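J.: Chains as they are written, first to last, in the numbering used here: chain E, 1 to 509; chain Z, 1 to 92.
Just so you know, these hints were derived from the structure itself, not from any lab.
Bear in mind that the values here come from a model prediction, so they are computed numbers and not experimental data.
All C-beta atoms in this analysis are idealised placements derived from N, C-alpha and C, irrespective of residue type, glycine included.
Misleading hints may appear alongside valid ones.
Below 27 Å or equal to it, Euclidean Cα-Cα: the simulated DSS-like pairs (lysine-lysine) are [unchecked claim]:
#1 E/K152 <-> E/K243
#2 Z/K86 <-> E/K47
#3 Z/K5 <-> E/K496
#4 E/K317 <-> Z/K4
#5 Z/K5 <-> E/K66
#6 Z/K4 <-> E/K4
#7 Z/K5 <-> E/K317
#8 Z/K86 <-> E/K10
#9 E/K496 <-> E/K476
#10 E/K243 <-> Z/K5
#11 E/K243 <-> Z/K86
#12 E/K69 <-> Z/K86
#13 E/K68 <-> Z/K86
#14 E/K5 <-> Z/K5
#15 E/K61 <-> Z/K86
Calculated from the model, a selection of chain E residues having no Cβ within reach of chain Z, i.e. all distances over 10 Å [stated by the list, open to error]:
#16 D307
#17 A324
#18 T421
#19 D426
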Amino acid sequence: MPAKKLNLRKRYELLTRGMGWETSYQKMDDVFPYDSFEGIKITDWDKWEDPFRLTMDAYWKFQSEKEKKLYAVIDSFAQNNGQTNLADASYLSAIKLFLTGVTPIEYAAHRGFAHLGRHFRGDGARIACQMQAIDELRHQQTQVHTISHYNKHFNGLHDPFHQFDRVWYLSVPKAFSEDALSSGPFEFITSISFAFEYVLTNLLFVPFMSGAAYNGDMATVTFGFSAQSDESRHMTLGLEIIKFMLEQHEDNLPIVQRWMDKHFWRAYRLLSLVAAMQDYMLTNSPMSWKEAWEIYFVENGGALFEDLSRYGLRMPKYHELATAEADHISHQIWSVFCSLGNATGFHTFLPTEEKMNWLSEKYPDTFDQYYRPRFEYWAEQKKAGTFEYQKGLPQLCQVCQVPMVFTEVQTDPMQISYRVTEHGGDKYHFCSDGCKDIFEFEPEKYVQAWLPVHQIYQGNCGGETLPEVLEWYKFKPEDSGDYIGSQDYLRWQEWKGGEQASKQVETNK
Amino acid sequence: MSAKKNTVFLIVQDNEDARPIIEAVEQDNSTVTIQYQPGMVRMEAPGRLVVNRETVEENIGRDWDVQELHLNLVSLAGNVDEDDDKFEISWH
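Here chain E stands alone, though its shape is the one from the complex (with noise of 0.2 Å):
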C-alpha cells in the first residue's frame, strides 16, 4: 500500500522549512547583511507562514496551468483579430499608458523579490519572495506578449521600457518603483506587498481590468486576471508580513506604520493616474474611480485596518484627504494630459457629451460646477481652431513627480495645493503634505529625485525644442496629440467604415 499522502500544513511545512541553515564558516550577519539595519526586530523567523501553504511543486503546477490558458487565448485573440472588437480605437490609449507605466513596474517588483528571496533570513519568508519575484517576471512578460499584438496595428507602444526611464509623466511609476527598491528588504515588502497589493492594487486591476472586458479587449482583461490570481498570493503574503512584523516585536510598530503612511500615500498618488484611465481613457466605464474608491478602500481598507487595529496599527496618515479628492483628481490629471498632449505617447480626446453626462451623473458634486466648463471650452477652441497646448513645462512635486496639478479640495477646490520647504539652500516643492512628510523624513533621498522637467531645462533630454525632447524619448511626431484625425483613428475607420464608427468625434472635431 502507498503511504498516505501528508496534508497540507505537514507538506507546507517540509518543503519550506530546513532549507536554511544556522552558518559557521561566515556570521549569520554577513551572510544576511540587509535585514537589521532598518531597525526591525524579528525574534522567531519560524513564526512565518505563508497561509495558502503554497509549495513549490504546487506552485510550478499551477503557474504552468495558468500560462497555458493565457497564451491561448493571446493566441486567439490575435489570430482572430481581436483588436477589431475594441469599443473603440481610442480605448488604446488606457493601454498604452497601462503597459509603458505598469508593465516595468512588474519587472522593478521582480528585481526588488528576486533580492528578497535571496536575503530575507527565514526560508518560509525567503520562498513567499521567491515565488512572487518569479511571478512578477511573468507579469512582465504576459504585458510584453500583449503590447506586441497592438503594436502592429497602433502607435505608441514599441519602446516602453526606453520611455519608463525618460518620460515626464511616467517618471511618476518609476519614481515609486525605485523609491521602494532603494530601501530596506522591510520597507521593500511593506510598500508592494501591503500598501500597493494588499490596500490599493485592487483600484487598478479589477475594476480596470473588468472595464477592459466592457470594452472588448480580451487580450488585457486575460492577462490582467491571470496576474491579479498570482495578486490574490500577493496580497496574503503582505498582510501576513506586516502581522509578522507587530508580532515579533512592539518596537517595530512605531516604523511599521511610518512605512504604512508613507508607502499609502506614494501608491496612492501614482494611482491618480490610473482614476484618468477609469473614468476618461476606458470609453466605456463598468465603475467610476470614486466608486471604485469607496468599495475597494473605504470599506475594504476600512475592514483591512480595523482587523489590524489590535496590534496598534492605525489607519494611513492622510486617507480622509484621499477619499475627499475621489471627487477630483481624474478630472484634473486628464486634464493635465489633454493640455499637454503634443508631448504623450498616447492620444488625447475630449470628453464626449454622452460620457461627460455619465461623469456628471457619478460626479453630482463637482463635475458640472467644477470640470465641464473646462472641457466645453476646450471643445470650442478646438472648433473654433484656435486650441493651444501649454507652452511651459509643468512644476513636478518633489516627491510623487506628478505636475503640480491637485488642489485644495476640503478648503478651496480652484486653489492648487502647494507646499514648500527649505533643505541644504533649497527650496523643494510638493503637491501635498503627505508628500512634504516624506521629503522631510528623508530629504537626502528625495534632493536626488530626478524630475524629468528640471532634466529638460537642464538640456539633459536631447535638446532645448520639444521635438527633440519627444525623439530623445522616441517619441514619433503619430504617437502624440488628438486621437481624432491620428493614424489609429484613420486605421479604425477604415476597419469600421465611416466617422460615426469612433465614439469620440462629436466634441473633437
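Please arrange chain Z on chain E, whose structure you already have, making use of the hints.
T.: Chain Z in isolation, oriented as in the chain E frame:
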C-alpha cells in the same frame, strides 16, 4: 469589537471553471451576496466566507484540490486560512 461584521470578499473570473466554485459558495454560505460584473464574479459576506472541497467535488463529480482555486482567483479581502478541505477568509 464592533457588532457589525466587516465584509470579506472573494472575486473569481466569470468562466466555466469558476461556476461550480461559485455554486459551492452559494450552497455553504447563507449570507453571501453574488454580483456579476464584466468578466468577473464578486462574492461577499459579512465576516466570513468559505469554499468547501467536498461541496465543489459534489458539483463537478471529480476530486478537486483546494489549490485549484488559484487558477481562477481574481482578488480577496480577509485573512486567509487554507487546508486540504477548505479555503476560508475572515476578519477577526
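J.: Are any of the numbered hints broken by this structure? If so, which, sorted upward?
T.: Numbers 1, 3, 5, 6, 14 and 16 - these are the hints that the structure violates, sorted from lowest upward.
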